[in-house]
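Enquirer: Fit chain B to the known structure of chain A by using the hints.
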Amino acid sequence: MVTETLYMDPAGLKAIGAGIAIGLTGLGSAIAEKDIGSAAIGAMTENESLFGKGLILTVIPETIVIFGLVVAILII
Amino acid sequence: MLEVKQMNRAVIVGHKSIFRETVDALHKAKLFQIEDFNEDESGLHIGRPFDNIDEVSKKLIQIRSIANLLDIDEASSKKQDEQAVLSSLDDNLTKLDAEIDQMIDQRSKLENELKEIESLKKELIPFVNIPLDLDLYRGYEHLSVFSGSVKEDIESAVSKIISSYEIFYDAVKGTVVLFVTSDRSADVSELLAEYAFRELRVPNVSGMPSDSLSSIASKESTLLKQLEKIDTDIESVKQKYADFILASNELLSIEVQKSEAPLRIATSDSTFVIDGWVPQENYAELERIVESATNGRAFVSKEEVKEEDEKDIPIEYNNSKTTAPFQEVMDLYSRPSYKEIDPTALIFISFPLFYGMILGDMGYALFLMTVAFIIKKAISSDTVKSLMNILIYCQISAFLFGIIYGEAFGFSIASVHTEHGVTEGLIKGFETITLFASPIAGEMITYPVHRTHIVMTMIVVTVLVGLLHVNLGYIVGFINVNKKHGFSEAMFEKGSWIVVELGIILAVLGYLGMLPTIVGIAVFLIGFIMLVKGEGIKGPIELPSLVSNPLSYTRIIAVGLSSISIASTVNLIAFDMMWKPGTPIGVMTIFAILVFLLGHGLNSVLSIIAPGLHALRLQYVEFFGKFYEGGGRKYDPFGFIRKHTEE
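Residue numbers (numbering that gives the first Met the number 0), protein chains in the order written: chain A, 0 to 75; chain B, 0 to 646.
No wet-lab data here; the hints were simulated from the structure.
Check each hint, because a few of them may be wrong.
Stated by the list, open to error - Pairs of lysine to aspartate or glutamate, DMTMM-like flavour, derived with a Cα cap of 20 Å:
#, chain 1, residue 1, chain 2, residue 2
1, A, Lys-52, B, Glu-621
2, B, Lys-94, B, Asp-70
3, A, Lys-52, B, Glu-307
4, B, Lys-15, B, Glu-259
5, A, Lys-52, B, Glu-628
6, B, Lys-15, B, Asp-35
7, B, Lys-4, B, Glu-327
8, B, Lys-27, B, Glu-81
9, B, Lys-305, B, Glu-315
10, A, Lys-52, B, Asp-330
11, B, Lys-237, B, Asp-100
12, B, Lys-172, B, Glu-193
13, B, Lys-108, B, Glu-307
14, B, Lys-633, B, Glu-193
15, B, Lys-633, A, Glu-47
Just so you know, these numbers come straight off a predicted model, no measurement behind them.
Pulled out of the complex, with its shape left as it was, chain B reads as follows:
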């Protein structure tokens, strides 16, 4: 439980005539992680892909491009039978290819036409109010035509400089068309420049502009209709073939993966050597599978793992189903290395514990738990499921602490007694019971524990929790070092911290007069020397962390208080300032309820983020810092997780 899976290095050797069978069997078993072969002086070479690779990868590219064109998403489909898909693969592929090619071609042709029409339309619009055939705009020898837009009517200005001209002006669109004799065109263009003339291209069509425009509009609508039809056709093809495309993509990917396997394997002229890793518990199964697939003609053997190879061993977690979701939290940081303790089971306890201690509110816990269950049901992704499971564990803990703290949505469920009098709780008649006086700051411990009234005690409690957690970290570190480098080194590296702490405690007892102070100082010095020997100069530098790390756990109460403050502020605004329960119901009641819902909705989201991040940080920084190395490589066996097909 606290260890990752034991791995065996296995080597499979056989004749090339059974190469394919062996690879198929390994792929199906999904137990064996192939270690890539690098060519060296051994005389072995990287293998060549199996013969069918060209054909298979060609088909794969084809199917992927079709999937891309049709924009097929990875929605969960019905599982297809492998044989059925394979037998119809070639036929379907050619059919699909032809059909889709044609459709896509036609679509792009239509789209191009549409674009042309659009631009023609844009060119025509300025001329639409000028009653002149478009053919009349061009083809003159002694006439110059100016067509463009101006800011104001320029006829009077033009008439001042030349006498013979023909002008059309559309005041609505500001379009002007001016015919002058060619010899005066220079003067006219100078004049036009003064009136901010911008030339417009005359559309390359004939007839009246308004007629052209209406014929274009009707053409556009037919094109749009055609385009729509093609889109529905494509959509129907997509509907019809989506399952097939997903399934065949998967099968071909599997086939390519298998065919390319020899590229990772050492071969000679007539033999192959597959090197890799298999979990110890599955070694016998691997042997059996290879034997039955090759009639005993391939040879499987176990190899000793050398110490320098330990960092290459792929890591597979070995956790029960209950604790497994927290592997996601581990992976977020780093996978454990081979010989160290896998702390998944430890954070399975401490992470929800801290989260619960911070949030500690029955209302939020129940609400968020419901949300987590709904998301878990709705989304099929494994990662999301694990995260939701973590959230559910956290909410269970938050609910339990909610009972201890007696809080629901920022309200206290029991009555609160302060020097200003008694405030009634959410449950009428539920009186707070006074248990005993806390040794700190004269605060009274009650049930339910009113966090806001015993802040000093809570700070001390959280620091103590921190001390326990940090020391658990040292103990785990001790076990790790002991396993790797032996007892004495573990004692110097990790045990020394505990000796130093012991020294400090004894010194404090000495200060209180229970012991001679010298004992504490002596123990502290012994610990200090051990620390310097174990960790070098790093040890003394990190010594202040003995104080700062446990103090960091005060965030448990600090973040909790901030969450309560937000919640009770929302309650205050809604049910005190806007509307008091008991007073007549009016418009303000609705606003009060709205504020209540929105405020607590916001605080619910914050209740995932703030306690979650802080609880996580306490694991990663304060706890893992004491022992964790990580950096393990993920165990990724040769095989494929089928989603759309079944054998």
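Isolated chain A (complex conformation):
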């Protein structure tokens, strides 16, 4: 008897994995940055010299998506 088997292409699974890695970390960064960013802008309207500090705080979560990207590259 011949059974039909559906194979999943390993390359396709890898691509999906890489996509998930980037997508989810991107979402994570975005959610974190949205809160920090709006708070930073609030602080800046009070005191403009806080721009530098606000910028730093805002970009800190960006590391998450960079890690996601590195992982994606490692997967592929």
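Expert: Only chain B this time, still in chain A's reference frame:
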């Protein structure tokens, strides 16, 4: 170069008879930052402003209100001679004041009249088609007049309830005027309400509405003409006096600043004591200036700076002209404190380096450099100039890396060899040269370095760059702590990190079998204990940053790749999908060029923002986090930067 300017605390003491001369001399020299005096138990008091303050500030208010009325902007004007402006100040001011007052008055009168006419016009328009003198609308004893707008003709409805009436209806504007006897007015108004009647006010003029309207229109046009004339008059006054107003505003501001100086200075009945800061290199000059201004009657002395006062010392950068633009980047974060290393010269190297490593494209570098030069020429603001200088440094670096990477506008200038075959580069016949195999993932290092094909190697390279940068941060931190608190504390606080790293490296070597593993673990533990001693509980908590910080530098390749992707996508759409070079030129060629220009225009803007922000972040977070305290106060000497006048 790596230190801010050394400051001296100086005290100037003298008799009140030379107070004014001393303040004038200090203001002119622009070297001395006055420390505000707060009254205490010493018996000294805050001084009183010089006598001319009332007069000067009155004139200043006058000139500023004139400037405001005329809407004068701070455009760069020709520099005026101080004496000439001062001698003509009073005359000009009275003349200007009278002239402008009159003009502004007249203008507001005209504007009011115009507004009245406008509203009258609005009231008249509904009645314009009703052939009835406006006087006939009012003044009846037994008649009620309804004037207003309705949706449809109501004559038939009215005729049903009353027999004697007079009605005028304008179907175009929907205006109705209805005369009925007063005793039936209640019924009529009820009826009108059913037809959505909205009452209109009868304009308070006499004559036929259409006649009034045309006379109003002609009146309006004369008013508009008059208004226009006044505006041109005001404009001509503005043209004529703009330079004078800017110059006198500046001179009076200077005068007020000087006259108010005593409010910041300690005085007794007959003496004054000015306390403040002067850069060490300018101390002798300050002494000389005060002496010559007062014939040696004021006394200048240096004071020891106590340790608790160190945080009050104003900070002035001490950088060469080349590195100075990066002071803007420093100020964006925070000025250095007095005793720490000023990292301006360090980020002068690392910021453009990272920017270049990220962008690394000759085409964008040349384009953005040209833009930066043009903006620098066109705009005279100092901040913009500094920013453009930073951008130019960054583009030089991006161009150099562009040569290494062999990229221009997302194209590779050399041929690319992949397993799918050879793709010709931008320069025909420029073959990629294979140099050696990278130890990572079997990738081949070539010239030009094709970033997109050796991603793994580039990730490792960027992490190594990160390690170097982070460790440079620890070393700078070590120097800072050593200077402030001594060697042992520096060793525990910052040196411990390096010992921990050393331990990890030795442990890895041990794992590879080159060393007994125990050596690495021992060194790591020593470092760890030092860390706990130096930084407390904060140390172990921050330990993972040893991994995460260098990994964060992988953004250098990651952001770079995204920029290449955008650029090559634009190229693909323009010169592959829409029009292939070599095929006949047609309509699609134009679209292809348009896509090419717009796409790369967008990517150029992104090429400032993305690499710029990421390179900046690597400085601020990863690098400064290791050593920088900041929080210094800006050195702001007593004086004024003249823009519109010269002495």
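Enquirer: Take the hints in turn and mark each one as holding or not.
Expert: Okay, the hints, checked on the actual structure:
1. Lys-52(A) <-> Glu-621(B): holds, 13 Å
2. Lys-94(B) <-> Asp-70(B): Distance of about 18 Å is within 20 Å: holds.
3. Lys-52(A) <-> Glu-307(B): Violated. Lys-52(A) to Glu-307(B) sits at ~26 Å, over the 20 Å cutoff.
4. Lys-15(B) <-> Glu-259(B): Judged against 20 Å, a Cα distance of about 15 Å means the pair holds.
5. Lys-52(A) <-> Glu-628(B): It holds: about 12 Å lies between the C-alpha atoms, which stays within 20 Å.
6. Lys-15(B) <-> Asp-35(B): holds, 18 Å
7. Lys-4(B) <-> Glu-327(B): At roughly 17 Å apart (the allowed maximum being 20 Å), Glu-327(B) and Lys-4(B) satisfy the hint.
8. Lys-27(B) <-> Glu-81(B): holds, 14 Å
9. Lys-305(B) <-> Glu-315(B): holds, 19 Å
10. Lys-52(A) <-> Asp-330(B): holds, 11 Å
11. Lys-237(B) <-> Asp-100(B): holds, 13 Å
12. Lys-172(B) <-> Glu-193(B): holds, 19 Å
13. Lys-108(B) <-> Glu-307(B): violated, 63 Å
14. Lys-633(B) <-> Glu-193(B): violated, 75 Å
15. Lys-633(B) <-> Glu-47(A): Holds. Lys-633(B) to Glu-47(A) sits at ~15 Å (cutoff 20 Å).
In summary, the numbered hints that this structure violates are 3, 13, 14.
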